[in-house]
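Peer 1: So the chains spell out like this:
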Amino acid sequence: MKTFAAALTLLALCALSVVGQGQTVDVNPQPQSAGPVDAHAGRAAPISDAATATCAVTFTSGVSDDFLKSCVTVNGNVAQFEAPLGHEHIRHGIVGEGYGVCDVNTNTEYFDYSLFGDSPNWGAPTLGTQTATSVKIARTTIDGVWTLTQTFTQVAGTSPLVKLTMSLRNNTAIDRTVFLMRYADVEPDHLFTSSMGATSNSAFAFNQTVVGNVGLRGNFGLILQGAALPQQHSPDLGPQGFIEDNVFSDPPPPCTPYRNFVTGTPAESKGSLVVIYQLGVPARGAKAVTVTYRGL
Amino acid sequence: MKTFVLVVTVLVLGSLTFAQQAGTSNAKREQQAAAASAQSLLAHASARSPFATSACSFPFTSGAADSFVKYCVTANGNITQLETPQFHEHIAAGVFAEGYGVCDATTGVEYFDYADFGDSGNWGAPQIATQSATLVKLVRTTADGIWTLTQNITMVPGASPSIKVAMALRNNSTVDRTALLMRYADIDANSGFVNSLGATANSAFGWDPTAFANIGARGNFGVTLQADALPQPHAPDLGPLGFTQFGPAGPAPCNPYAQMLAGLNTAGDGSVVAIYQLAVAKKAAKNVSLNYKGM
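Protein chains in written order, with our numbering: chain A, 1 to 296; chain B, 297 to 591.
Be aware that one or more of the hints could be misleading.
Taking lysine-lysine pairs in the DSS-like style, the calculated list, with each CA pair at most 30 Å apart, reads [stated by the list, open to error]:
1) B:Lys366 <-> A:Lys163
2) B:Lys366 <-> B:Lys433
3) B:Lys582 <-> B:Lys460
4) A:Lys69 <-> A:Lys163
5) A:Lys69 <-> B:Lys582
6) B:Lys582 <-> B:Lys433
7) A:Lys287 <-> B:Lys366
8) B:Lys460 <-> A:Lys163
9) B:Lys460 <-> A:Lys69
Just so you know, the hints here were simulated from the structure itself, not pulled from any lab data.
Generate coordinates for the entire structure from the input sequences, incorporating the hints supplied.
Peer 2: Encoded structure:
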C-alpha cells in the first residue's frame, strides 16, 4: 500500500511537471483574430465610470519622421502615441495604458489602465502645472494612503519621446513597500499582433523589418524604458521590463504582476508591455521613478 | 511486481522531465559554443588590411552601476566595446566587430571597415581631428580620394546613457554621386553569442530577453542601434532602414541585404545594420547620425 501511495505521489508529481510544461506551451498559442481578443481584453478587468481614453492634453512636435503626437487623459493615461507621422502605436482598438500600485503591506491594489479597467479606489485627479510640452496630474487614493503625481513631458528632437515621472507619496504614518508599474497595450503601426521583447530595463513591441529596401520605411514600434533607480538595493528594486501575453485578456494585477508574464521573444503575438519597480516608501515620504516612451 | 514497475516507470518519467530542463540548458551552452567557434572561423576568413583593428584607442566611461556606460573607439572609428549597465558587455565578446560601410552606387565600389570582421583595404590612414573626455572626431579618406568619412563619436551620459555617432560623407570628386552608407554591429548582448534580434525602419537591436518573473533579477540587457531621420527623406536621399542579419559578419555595402533576416531571430548569432541612401553632390557632404543605447 505504501508503495502504491508512493507511486501515486510520483505519478502526481510527474503529471504536474507535464502540466507545467503544457502551460508554458499554451502561453504562446497561434494568434487569434486580433479584434475580438482586444475587445475581450477591454471587458476582462473591472472598470469604473472614471476610466477614460479621452485625450485631455495633447502634445505635438516635429514633422514627418521627427513627428510625435501624444496625449494624456485626465487620469494620467498616455492614450495616444503617434511617431513618426501616420504611425500610431497605442490609440488603436481598445486603449490600454496606465499605472498600477500594489501596497505590499496591506495587499491593496490601485490601478488605472484606461479602457482596460481601473480599480474604483482612486479619487478624482487634479490637474497641476501645464505648459506646451508638459502636464502634471496628481491623484490620491480614496483611502488617502497614497498620492501619485505624474509629470508628462514631451521631448522633441530627431528621436522624440515622452518622459513620464511618477512620484508616489505615502501619506500615512507608517513605512510601506509598494510595487509600482507602468503598462501599455501596444499595437505598433495599428497592428494587433506584433513582435515583442523585454530586458531588465525595457519592454518593446515592433513591426519587424521584412523587406530589404531602404526606400520602404513603413514599420515602426514603441519602447517603454525604465530609468535606473538612484540607489539599487532592497527594498528598492528594479526596473524590470517584461511582456505579457494577452491571451489571458487582462493587464497586470498590481499585487500579482507576473500573472501573464511571458519569457522569450514571441513573434506575431498579441501582447502588452510592463515595466515594474519595487519601492520602500517611508512614512510621509515619497519615491519617484522615471519611464520613457520612445519610437523604435 | 506490477507496482514496482509502475514506480520505476514514474521515476523514469519524472527524471526525464528534469533531464529535459537540464538538457535545455546544455543545449544552450552548446549553441553558444558553436556560435563562438563559427564567429572565430568567419573572422579568420575575412579579408583585412594591415589597418584593420579592434584595439581600443579611445576609451570613454561615465556613470555608475545601472547608469554606467563604457565604450571604446578604435583608431579607425569602430566601437569595439560597449558595456552598459556595468558588467554587461554587448560587443567585446568573441570577435569584436562594429563599423561602417559605403557603397559608391555610381561605380559599384565598396569601402568598409568592420574591425575584426575585416575591411575593404581601400581606406587611407585615419586622422584624429578632435579628442576630449566625451568626444573623438576621426577623419578617413578612401585610397582613391573620392570619399572622406568624418565621424564624431560622442558620449551622452545620464540615467539612460547613449553613444551618438555622427557620420559626414564628403564627395571629393567633380561628379555627383549616390552612396549607400551603413552602420553595423555584431551584437553579443550580455556577452552571449545567441541573442534575440529585431528591427524597424528606424532601428535594429539585439537583446537578452527577460527570463525570470522576479524584480530583483536584473540580469538581462541589450543594445539598440537607432538611426535618426534624414532632414528631407525623399529620393535619392532615403532611409534610414534598420534590419538584422542572420550572421555575425558585416554586410557587403553594395549588396547590403544579402544576409538580411526577414523576421525575428531568437536562436542564432546575428548582427544589426542601419542603412541610408544619400545623393552626395560633387565637392559636398551629407550627414547622418545614429545612436547606440542600452535597452
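Peer 1: Run every hint past the structure and note whether it holds.
Peer 2: We went through each hint and held it up to the structure:
no., hint, result
1, B:Lys366 <-> A:Lys163, "holds, 24 Å"
2, B:Lys366 <-> B:Lys433, "holds, 18 Å"
3, B:Lys582 <-> B:Lys460, "holds, 17 Å"
4, A:Lys69 <-> A:Lys163, "holds, 13 Å"
5, A:Lys69 <-> B:Lys582, "holds, 28 Å"
6, B:Lys582 <-> B:Lys433, "holds, 16 Å"
7, A:Lys287 <-> B:Lys366, "holds, 28 Å"
8, B:Lys460 <-> A:Lys163, "holds, 20 Å"
9, B:Lys460 <-> A:Lys69, "holds, 24 Å"
Comparing the model with each numbered hint stated earlier shows that all of them hold.
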